[in-house]
Amino acid sequence: DAGVIQSPRHEVTEMGQEVTLRCKPISGHNSLFWYRQTMMRGLELLIYFNNNVPIDDSGMPEDRFSAKMPNASFSTLKIQPSEPRDSAVYFCASRNRDRTGELFFGEGSRLTVL
Amino acid sequence: AQSVTQLGSHVSVSEGALVLLRCNYSSSVPPYLFWYVQYPNQGLQLLLKYTTGATLVKGINGFEAEFKKSETSFHLTKPSAHMSDAAEYFCAVGSNYKLTFGKGTLLTVNP
Numbered sequence: 001d002a003g004v005i006q007s008p009r010h011e012v013t014e015m016g017q018e019v020t021l022r023c024k025p026i027s028g029h030n031s032l033f034w035y036r037q038t039m040m041r042g043l044e045l046l047i048y049f050n051n052n053v054p055i056d057d058s059g060m061p062e063d064r065f066s067a068k069m070p071n072a073s074f075s076t077l078k079i080q081p082s083e084p085r086d087s088a089v090y091f092c093a094s095r096n097r098d099r100t101g102e103l104f105f106g107e108g109s110r111l112t113v114l
Numbered sequence: 115a116q117s118v119t120q121l122g123s124h125v126s127v128s129e130g131a132l133v134l135l136r137c138n139y140s141s142s143v144p145p146y147l148f149w150y151v152q153y154p155n156q157g158l159q160l161l162l163k164y165t166t167g168a169t170l171v172k173g174i175n176g177f178e179a180e181f182k183k184s185e186t187s188f189h190l191t192k193p194s195a196h197m198s199d200a201a202e203y204f205c206a207v208g209s210n211y212k213l214t215f216g217k218g219t220l221l222t223v224n225p
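These protein sequence lines map, in sequence, to chains A and B.
As numbered in our numbering, residues 1 to 114 make up the first sequence, in order.
As numbered in our numbering, residues 115 to 225 make up the second sequence, in order.
So here's chain A without its partners, still in its complex pose:
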């Protein structure tokens, strides 16, 4: 059974460029989360989708960040324009309907903005 799949694993870009991170959740999971991990701030929840609908985007840093989930098997996190302070590891995680259940994490996308 495939886990959560994220791409790209590594991205190096220059300031001002657009970055798109992709996530395929586990089949049958109806909740999807995007987290950002940095040394300074740890793991921060950016946005949460339930049944493809964004429920809580209060963690999205600013308007440069946007996320979509056009269907149950795909989500994107876009940064436009990117800045050096966006450098971090971005994790996607999914969960089934049980709100006490385990979050399954992808391996992350390491973003470096020069």
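Keep in mind that a hint or two might mislead.
Once the Cα atoms are required to be at most 27 Å apart in a straight line, the calculated DSS-like pairs of lysine-lysine come out as [what the hints assert, rightly or not]:
| # | chain 1 | residue 1 | chain 2 | residue 2 |
| --- | --- | --- | --- | --- |
| 1 | A | Lys24 | B | Lys163 |
| 2 | B | Lys212 | A | Lys24 |
| 3 | A | Lys78 | A | Lys24 |
Just so you know, these hints were derived from the structure itself, not from any lab.
In this text, all values refer to a predicted model and were calculated from it rather than measured experimentally.
Based on these hints, arrange chain B on the given structure of chain A.
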């Protein structure tokens, strides 16, 4: 509102020694509590969780944690550390849909 405090960003033990990683939480509703482990360049994996019932929870790789409501704690223990336990460990508190993570504790195991 909910929050997690992990005491000690770095814990170092000898192989075979007791592992104790501390976690205190704050939650306005009955919490669900989790411990996750992260190996280098990987995502987080669930070690164990507490939802309801027995307060001593056993997880994978010989780890266990005890939920103590009066102390708002959920400390992680393992009787005997192994070299393969070296990783970063995250405590998390959940309620409704949201999972809030602590800053993590890096566990080093010395031979």
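Against the structure, the hints:
1. A/Lys24 to B/Lys163: 25 Å, holds
2. B/Lys212 to A/Lys24: Holds: B/Lys212 and A/Lys24 sit about 20 Å apart, inside 27 Å.
3. A/Lys78 to A/Lys24: 15 Å, holds
No hint from the list above goes unmet by this structure.
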